[in-house]
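Protein chains: 2
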Amino acid sequence: MSGPAEFAPAASKAELEEGTRLSPRFDANGLVTAVVTDDATGDLLMVAHMNAEALDLTLRTGTAHYFSRSRGSLWKKGETSGALQTVREVRVDCDQDAVWLKVAVAKPEDTCHTGRTSCFYRKVDLAGDGRMLIETEARASS
Amino acid sequence: MSGPAEFAPAASKAELEEGTRLSPRFDANGLVTAVVTDDATGDLLMVAHMNAEALDLTLRTGTAHYFSRSRGSLWKKGETSGALQTVREVRVDCDQDAVWLKVAVAKPEDTCHTGRTSCFYRKVDLAGDGRMLIETEARASS
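Just so you know, the protein sequences line up as chains A and B, in that order.
Going by the working numbering, the first residue of the first sequence is number 138, and it counts up by one from there.
Going by the working numbering, the first residue of the second sequence is number 138, and it counts up by one from there.
The reader is advised that the hints may include incorrect statements.
A pair holds if it fits inside one copy or across any two, identical chains being indistinguishable in the list.
[To be verified] Using 27 Å as the maximum straight-line C-alpha spacing, the simulated DSSO-like pairs for lysine-lysine come out as follows: (1) Lys150 <-> Lys244; (2) Lys244 <-> Lys260; (3) Lys150 <-> Lys260.
These are computed hints drawn from the structure, not numbers from a lab.
In isolation and in its complexed conformation, chain A is listed as follows (with noise of 0.2 Å):
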């Protein structure tokens, strides 16, 4: 591969983890895993997926894109719902098969398809067997 979208693989685990290059380890399918939290309120929003292009089309842009696994396809988050993510801080972790971005967020309120401000509306009931969930946060459309 060539072109923007190409990261340079890292020489060895010590540059890997301790480098100055971003060099993303893509999976199987060419995806590394995308935490997303709420640059202002630190709220987790969503967990995604980006492959190169996606990855690259982040940096280059200062707007969010993913790769829906789903559709198969390159999904610039909010095109369609209004809830565009302008990214202001990205991270990588130790072994760079996952990236943190910090967003500011247009429409909150459709940052989850089901109408919420998060994807994570739902907490496990821990005082009872650990398979019930409790919804946090109520749909605002429908």
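Knowing the structure of chain A, use the given hints to seat chain B on it.
For chain B alone, coordinates are given in the frame of chain A:
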């Protein structure tokens, strides 16, 4: 599969997204993504994976267990390093293929195997070409 690690699959998309039963959607490798934040500070600590056994043990014991993809085995986080994670809250996302753990860490400086409090100790230099990393936390141990 039967026994304590069993989770009932959701009967429909509506039940998956709006239901009150935990019905994790394990991928082809039997894993869900786990996002782990510090319950006190909100900081993102790590991203890991869980199979049904790891998730069940986490929910039953209150101590985080993962599945190590590199070792191919159950991984009680901190068993060797001492950086055990006590689970304060567990959330699940809309399509139940990711869980969010809010934890208290026993030995924060060993959360990352590189000797840091978080695996996300490097940020991408967005002012540059988006290919360089800036270290934000030096390793405490070598």
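For each hint, the structure was consulted:
| no. | hint | in the structure |
| --- | --- | --- |
| 1 | Lys150 <-> Lys244 | between (40 Å within a copy, 24 Å between copies) |
| 2 | Lys244 <-> Lys260 | both (23 Å within a copy, 26 Å between copies) |
| 3 | Lys150 <-> Lys260 | between (37 Å within a copy, 18 Å between copies) |
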